[in-house]
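What follows is each chain in one-letter form.
Protein chains: 4
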Amino acid sequence: METGSIIALLSGPDQPGLVSRVSSWIFLRGGNIKHADQHKDTEANIFFQRVEWLSSDSDPAAEAEAFQRFASDELGMEVQVALSNERPKVALFVSKFDHCFHDTILRFKSGEMFGQLACIISNHTDLLAASQSYGIPFYHVPVTAETKEEAENRQIEIVEKEDVKLIVMARYMQVLSERFLQTVGSPVINIHHSFLPAFAGGRPYHQAHSRGVKLIGATAHYATADLDEGPIIHQDVTRINHRNSVQDLIRKGRDLEKSVFAQAIRLHLENRILVYNNKTVVFD
Amino acid sequence: METGSIIALLSGPDQPGLVSRVSSWIFLRGGNIKHADQHKDTEANIFFQRVEWLSSDSDPAAEAEAFQRFASDELGMEVQVALSNERPKVALFVSKFDHCFHDTILRFKSGEMFGQLACIISNHTDLLAASQSYGIPFYHVPVTAETKEEAENRQIEIVEKEDVKLIVMARYMQVLSERFLQTVGSPVINIHHSFLPAFAGGRPYHQAHSRGVKLIGATAHYATADLDEGPIIHQDVTRINHRNSVQDLIRKGRDLEKSVFAQAIRLHLENRILVYNNKTVVFD
Amino acid sequence: METGSIIALLSGPDQPGLVSRVSSWIFLRGGNIKHADQHKDTEANIFFQRVEWLSSDSDPAAEAEAFQRFASDELGMEVQVALSNERPKVALFVSKFDHCFHDTILRFKSGEMFGQLACIISNHTDLLAASQSYGIPFYHVPVTAETKEEAENRQIEIVEKEDVKLIVMARYMQVLSERFLQTVGSPVINIHHSFLPAFAGGRPYHQAHSRGVKLIGATAHYATADLDEGPIIHQDVTRINHRNSVQDLIRKGRDLEKSVFAQAIRLHLENRILVYNNKTVVFD
Amino acid sequence: METGSIIALLSGPDQPGLVSRVSSWIFLRGGNIKHADQHKDTEANIFFQRVEWLSSDSDPAAEAEAFQRFASDELGMEVQVALSNERPKVALFVSKFDHCFHDTILRFKSGEMFGQLACIISNHTDLLAASQSYGIPFYHVPVTAETKEEAENRQIEIVEKEDVKLIVMARYMQVLSERFLQTVGSPVINIHHSFLPAFAGGRPYHQAHSRGVKLIGATAHYATADLDEGPIIHQDVTRINHRNSVQDLIRKGRDLEKSVFAQAIRLHLENRILVYNNKTVVFD
Numbered sequence: 000m001e002t003g004s005i006i007a008l009l010s011g012p013d014q015p016g017l018v019s020r021v022s023s024w025i026f027l028r029g030g031n032i033k034h035a036d037q038h039k040d041t042e043a044n045i046f047f048q049r050v051e052w053l054s055s056d057s058d059p060a061a062e063a064e065a066f067q068r069f070a071s072d073e074l075g076m077e078v079q080v081a082l083s084n085e086r087p088k089v090a091l092f093v094s095k096f097d098h099c100f101h102d103t104i105l106r107f108k109s110g111e112m113f114g115q116l117a118c119i120i121s122n123h124t125d126l127l128a129a130s131q132s133y134g135i136p137f138y139h140v141p142v143t144a145e146t147k148e149e150a151e152n153r154q155i156e157i158v159e160k161e162d163v164k165l166i167v168m169a170r171y172m173q174v175l176s177e178r179f180l181q182t183v184g185s186p187v188i189n190i191h192h193s194f195l196p197a198f199a200g201g202r203p204y205h206q207a208h209s210r211g212v213k214l215i216g217a218t219a220h221y222a223t224a225d226l227d228e229g230p231i232i233h234q235d236v237t238r239i240n241h242r243n244s245v246q247d248l249i250r251k252g253r254d255l256e257k258s259v260f261a262q263a264i265r266l267h268l269e270n271r272i273l274v275y276n277n278k279t280v281v282f283d
Numbered sequence: 000m001e002t003g004s005i006i007a008l009l010s011g012p013d014q015p016g017l018v019s020r021v022s023s024w025i026f027l028r029g030g031n032i033k034h035a036d037q038h039k040d041t042e043a044n045i046f047f048q049r050v051e052w053l054s055s056d057s058d059p060a061a062e063a064e065a066f067q068r069f070a071s072d073e074l075g076m077e078v079q080v081a082l083s084n085e086r087p088k089v090a091l092f093v094s095k096f097d098h099c100f101h102d103t104i105l106r107f108k109s110g111e112m113f114g115q116l117a118c119i120i121s122n123h124t125d126l127l128a129a130s131q132s133y134g135i136p137f138y139h140v141p142v143t144a145e146t147k148e149e150a151e152n153r154q155i156e157i158v159e160k161e162d163v164k165l166i167v168m169a170r171y172m173q174v175l176s177e178r179f180l181q182t183v184g185s186p187v188i189n190i191h192h193s194f195l196p197a198f199a200g201g202r203p204y205h206q207a208h209s210r211g212v213k214l215i216g217a218t219a220h221y222a223t224a225d226l227d228e229g230p231i232i233h234q235d236v237t238r239i240n241h242r243n244s245v246q247d248l249i250r251k252g253r254d255l256e257k258s259v260f261a262q263a264i265r266l267h268l269e270n271r272i273l274v275y276n277n278k279t280v281v282f283d
Numbered sequence: 000m001e002t003g004s005i006i007a008l009l010s011g012p013d014q015p016g017l018v019s020r021v022s023s024w025i026f027l028r029g030g031n032i033k034h035a036d037q038h039k040d041t042e043a044n045i046f047f048q049r050v051e052w053l054s055s056d057s058d059p060a061a062e063a064e065a066f067q068r069f070a071s072d073e074l075g076m077e078v079q080v081a082l083s084n085e086r087p088k089v090a091l092f093v094s095k096f097d098h099c100f101h102d103t104i105l106r107f108k109s110g111e112m113f114g115q116l117a118c119i120i121s122n123h124t125d126l127l128a129a130s131q132s133y134g135i136p137f138y139h140v141p142v143t144a145e146t147k148e149e150a151e152n153r154q155i156e157i158v159e160k161e162d163v164k165l166i167v168m169a170r171y172m173q174v175l176s177e178r179f180l181q182t183v184g185s186p187v188i189n190i191h192h193s194f195l196p197a198f199a200g201g202r203p204y205h206q207a208h209s210r211g212v213k214l215i216g217a218t219a220h221y222a223t224a225d226l227d228e229g230p231i232i233h234q235d236v237t238r239i240n241h242r243n244s245v246q247d248l249i250r251k252g253r254d255l256e257k258s259v260f261a262q263a264i265r266l267h268l269e270n271r272i273l274v275y276n277n278k279t280v281v282f283d
Numbered sequence: 000m001e002t003g004s005i006i007a008l009l010s011g012p013d014q015p016g017l018v019s020r021v022s023s024w025i026f027l028r029g030g031n032i033k034h035a036d037q038h039k040d041t042e043a044n045i046f047f048q049r050v051e052w053l054s055s056d057s058d059p060a061a062e063a064e065a066f067q068r069f070a071s072d073e074l075g076m077e078v079q080v081a082l083s084n085e086r087p088k089v090a091l092f093v094s095k096f097d098h099c100f101h102d103t104i105l106r107f108k109s110g111e112m113f114g115q116l117a118c119i120i121s122n123h124t125d126l127l128a129a130s131q132s133y134g135i136p137f138y139h140v141p142v143t144a145e146t147k148e149e150a151e152n153r154q155i156e157i158v159e160k161e162d163v164k165l166i167v168m169a170r171y172m173q174v175l176s177e178r179f180l181q182t183v184g185s186p187v188i189n190i191h192h193s194f195l196p197a198f199a200g201g202r203p204y205h206q207a208h209s210r211g212v213k214l215i216g217a218t219a220h221y222a223t224a225d226l227d228e229g230p231i232i233h234q235d236v237t238r239i240n241h242r243n244s245v246q247d248l249i250r251k252g253r254d255l256e257k258s259v260f261a262q263a264i265r266l267h268l269e270n271r272i273l274v275y276n277n278k279t280v281v282f283d
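Chains as they are written, first to last, in numbering that gives the first Met the number 0: chain A, 0 to 283; chain B, 0 to 283; chain C, 0 to 283; chain D, 0 to 283.
Think of the hints as simulated: they come from the structure by calculation, not from any bench. All values reported here derive from a predicted model rather than from experimental measurement. Any given hint might turn out to be false.
For identical chains, the list gives no copy identity; a pair is met inside one copy or between any two copies.
Keeping only pairs whose Cα atoms sit at most 16 Å apart, straight-line, the calculated EDC-like set for lysine to aspartate or glutamate is [claimed, not checked]:
1) K39 / D247
2) K33 / D13
3) K33 / D283
4) K251 / E177
5) K278 / D56
6) K251 / E149
7) K95 / D283
8) K95 / E42
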């Protein structure tokens with residue numbers, strides 16, 4: 000993304016002239032389109048567009064709002080508009096595994112993510128000290144079968160207080176309830192350690208070892224109430240062979256999980272993803 | 000594989016000294032080991048070995064037989080012995096799709112396969128002319144729900160007459176019955192157009208498109224009575240995106256199917272595969 | 000590409016409103032944009048666009064011509080316009096290697112290429128019979144150091160007679176002279192069997208084996224007078240290890256060469272490639 | 000590697016019976032071979048073997064020594080023997096880039112490396128605080144053109160004092176002199192941010208961007224006096240396109256560098272690499 004740009008993600012029923020009307024609106028107000036990408040699902044007759052431009056308006060937020068009204072009212076499209084200079088706040092959910100935890104934090108610190116890591120929420124305290132050494136607020140919210148609802152209320156409270164716009168689950172070992180997902184509103188990205196839809200559910204590396212596959216994978220997807228069934232954002236695989244034990248799969252898989260998870264978070268924070276029909280359009 | 004070599008594939012309960020006893024047997028008879036590879040499944044306590052050597056015996060077939068007795072009687076191992084100069088006969092089962100058909104035939108013709116393509120068996124006549132232009136015997140064996148048993152009897156007859164040691168299914172669109180598999184005896188390699196265990200069964204590219212995955216795959220496996228559940232030999236994937244229609248998946252998938260299928264056939268014909276517990280050990 | 004569509008490739012100095020003016024021109028004449036992709040090289044200040052639309056004009060050729068004038072005269076852009084229903088003629092140059100030869104022909108026959116294979120030109124007769132069995136005209140044009148100029152004149156004659164718009168070199172073992180390239184006018188795609196710029200020149204698999212690399216590659220590029228220095232269209236690699244002989248590299252490399260070459264031809268025939276500064280913009 | 004095992008790496012002129020003699024020596028002394036892998040370079044007539052076994056001797060170090068004498072004196076092979084329970088000390092050389100730095104340290108901390116990170120040596124102080132927070136000794140050894148020899152003497156002193164057996168250069172921005180390499184004795188692994196031999200030397204991502212390649216790579220190799228010319232251990236690539244700026248290449252490359260570097264260090268510490276003729280045999 001460009002510094003100081005406006006990014007709009009549009010979707011809706013296809014109609015003639017959409018590309019023309021969007022680009023003309025921007026042009027006539029003195030904007031300079033940096034990137035524009037569109038897609039049509041011809042079966043579903045849905046049009047998707049990501050357009051990024053530099054506004055000549057001294058107040059990009061006002062321009063963004065004006066575009067929102069135009070796209071919504073005049074084009075009848077669903078639209079999300081973001082400013083590249085605004086870095087949305089992200090909450091990192093973790094349990095005990097620390098590979099995606101460290102990797103995600105280091106990427107935010109290196110500046111490769113268009114967002115800010117606002118806080119860490121964990122049902123354990125294993126990563127408390129590491130979080131502190133990174134200087135990131137850590138919230139310990141224990142979860143048991145009995146206290147799940149109460150714990151989720153506490154999580155929602157934190158997420159709201161921290162003004163979180165995106166939740167990312169770095170091998171967080173609890174299923175988020177439908178109620179949580181609906182209440183919290185912000186999207187949730189999860190990393191699953193298999194090539195979905197293969198090996199959904201628990202212990203996917205054990206499942207993969209037992210089935211004797213020759214590749215293992217990782218999948219980043221938006222969490223939905225149906226575990227491991229949400230819209231897939233990114234996937235990758237790596238080769239294994241008969242010599243590899245489950246431990247080897249876990250070790251090799253860690254690298255996959257880290258890179259797939261990071262790529263999904265980055266794509267989301269750069270406003271490159273549109274969701275429809277439980278699928279994603281990824282403008283990368 | 001080396002010209003004129005003997006290749007043995009051993010498997011059985013692990014016991015001390017197996018590597019030593021096998022290599023000493025070969026050494027003491029003047030053999031020269033070219034390649035040796037072994038594997039232990041420590042959980043299952045099974046030992047696997049592939050050893051390839053040049054015999055000093057003027058009659059490698061006799062030497063191979065002697066090794067077979069040694070490995071079987073003295074070591075108590077299951078053993079298959081092959082001579083690299085013997086090119087086993089292969090039957091190619093096809094229906095209407097021709098991409099794996101052409102690719103497989105051209106690879107045999109180019110000499111990259113340690114086997115001979117003996118005949119083509121098809122339930123359709125679409126590939127009759129092409130088979131003839133390649134100079135390969137073509138058997139048309141139509142199959143309907145009513146004639147399936149009869150058709151399979153005819154297939155078995157052909158396979159036996161042609162002295163076939165391996166059957167390869169190049170997108171052959173019929174399920175082979177358990178009775179067929181048991182009667183025919185020779186192994187059967189199938190190519191499935193998905194990353195198994197994901198998208199088993201029919202129309203896997205449609206399933207993949209509908210689920211919105213970001214990678215599609217192909218899987219070569221030994222056919223068993225459980226459709227798409229046999230031991231996996233080789234797999235590969237390729238990246239897709241939201242722009243790809245089912246037709247694009249089919250086109251991209253063809254390349255995957257060809258290379259994965261060819262690799263599996265090659266590995267089998269070079270005696271590199273051992274099967275156990277519905278998995279494969281692939282010494283490549 | 001869509002049936003019946005018009006595809007324009009534009010490039011030129013960036014200026015405000017290009018996306019808007021192009022899309023408005025199409026919209027106002029009743030066209031329906033199917034795909035539009037653009038790119039800016041901000042350093043070089045060049046704008047690139049590929050736009051594909053369905054015209055409402057009963058004469059798409061006239062519409063294409065009108066667009067050409069508009070883009071050239073009013074926008075000051077360089078522009079190439081194509082009709083998806085016109086399948087340009089392609090000449091296949093070969094020597095003795097047949098893997099890319101068969102693969103390319105079979106892909107044209109399968110319908111996956113938006114072009115027609117018009118003829119085969121070879122400096123040898125090894126592939127004459129195979130060409131005939133495919134039903135494709137074969138021209139034998141022997142080349143020696145002494146007859147090179149004469150031979151190239153003959154090749155130019157054939158290419159002009161056959162109305163060839165694209166030449167593809169499927170491991171053709173002669174260097175085309177600058178004079179040939181300039182005279183013939185049509186672009187030439189070559190497949191080089193290494194990951195360029197590594198291992199340019201002769202015997203790249205031998206070079207790779209000698210250097211001990213762990214991956215080998217193939218590169219499809221537009222041929223220029225500087226051997227192996229032309230704009231790169233597509234590249235891919237595959238893993239090798241210390242066990243692989245030069246022969247293994249050659250075998251593994253064949254698969255790479257076939258797929259990389261095919262992908263480059265396909266991209267070109269779908270009008271997805273723009274060349275500038277010895278690089279390519281590939282709208283895929 | 001197995002807990003408590005002995006690992007031997009042998010190489011030398013091929014001779015009949017090597018596999019047999021090695022395995023018999025181990026078997027007759029009550030050892031249990033866990034893994035054995037061998038390779039012959041038939042052109043150079045060199046035999047290579049990695050064998051790993053569990054000794055029945057209560058003193059594995061004595062057994063290792065006995066094997067060393069046997070392999071050296073009786074077989075006339077070059078041999079290195081290691082005990083899997085001994086974790087060799089590693090020195091990490093860094094400058095200012097921190098991605099390989101953090102990644103390497105976290106991998107050592109996670110236990111996936113068969114070695115101990117003994118110290119960090121840097122010509123800058125940028126990574127001092129981070130090193131301290133990881134609890135690893137940090138030595139600041141500034142290097143200028145004038146003080147290079149002196150600085151290398153200081154580095155050698157540290158490496159000897161810390162009893163370092165392996166040096167790894169995580170984007171250390173100084174060339175080590177031939178004198179340093181010879182004096183220090185221990186092997187040095189470097190990560191170069193290109194697919195060698197392409198883009199050797201400085202600013203490889205800029206070179207790659209300028210040439211317009213479609214893949215970028217990273218290469219881990221043993222450092223020699225010839226910059227970027229040492230034996231290659233591991234390489235990998237990732238796809239790029241015309242949209243990617245040099246900054247994007249740098250970002251994508253970081254992930255490659257981290258994983259390729261880590262893989263090379265791991266392979267070395269597991270005693271899986273033999274070097275000859277400026278190449279590597281990697282028993283993985």
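- prompt: Is it within, between, both or neither when you check K33 against D283 at 16 Å Cα-Cα?
  reply: The answer is within: 14 Å in one copy meets 16 Å, while 19 Å across copies does not.
- prompt: With identical chains treated as interchangeable, where does the CA-CA distance between K251 and E149 reach 16 Å or less: within a copy, between copies, both, or neither?
  reply: neither (36 Å within a copy, 41 Å between copies)
- request: Using 16 Å as the alpha carbon limit, work out where K251 and E177 are close: within a copy, between copies, both or neither.
  value: neither (32 Å within a copy, 35 Å between copies)
message: One pair to classify: K39 and D247, alpha carbons no more than 16 Å apart. Within, between, both, or neither?
response: between (42 Å within a copy, 15 Å between copies)
message: I want to check one pair: K95 and D283. Are their C-alpha atoms no more than 16 Å apart within a copy, between two copies, both, or neither?
response: For K95 and D283, neither the intra-copy (32 Å) nor the inter-copy (30 Å) Cα distance is at most 16 Å.
- prompt: How would you label the pair K33, D13 (within, between, both, or neither) given a Cα cut-off of 16 Å?
  reply: Between copies, since 11 Å is at most 16 Å while 23 Å is not.
message: Reference check for the pair K278 and D56, CA-CA at most 16 Å: within, between, both, or neither?
response: neither (35 Å within a copy, 35 Å between copies)
Alpha-carbon proximity between K95 and E42, which holds within one copy, between copies, both or neither at 16 Å: Cα proximity of K95 and E42: none, with 44 Å in one copy and 27 Å across.
Checked against the numbered hints listed earlier, the structure breaks hints 4, 5, 6, 7, 8; every other hint is satisfied.
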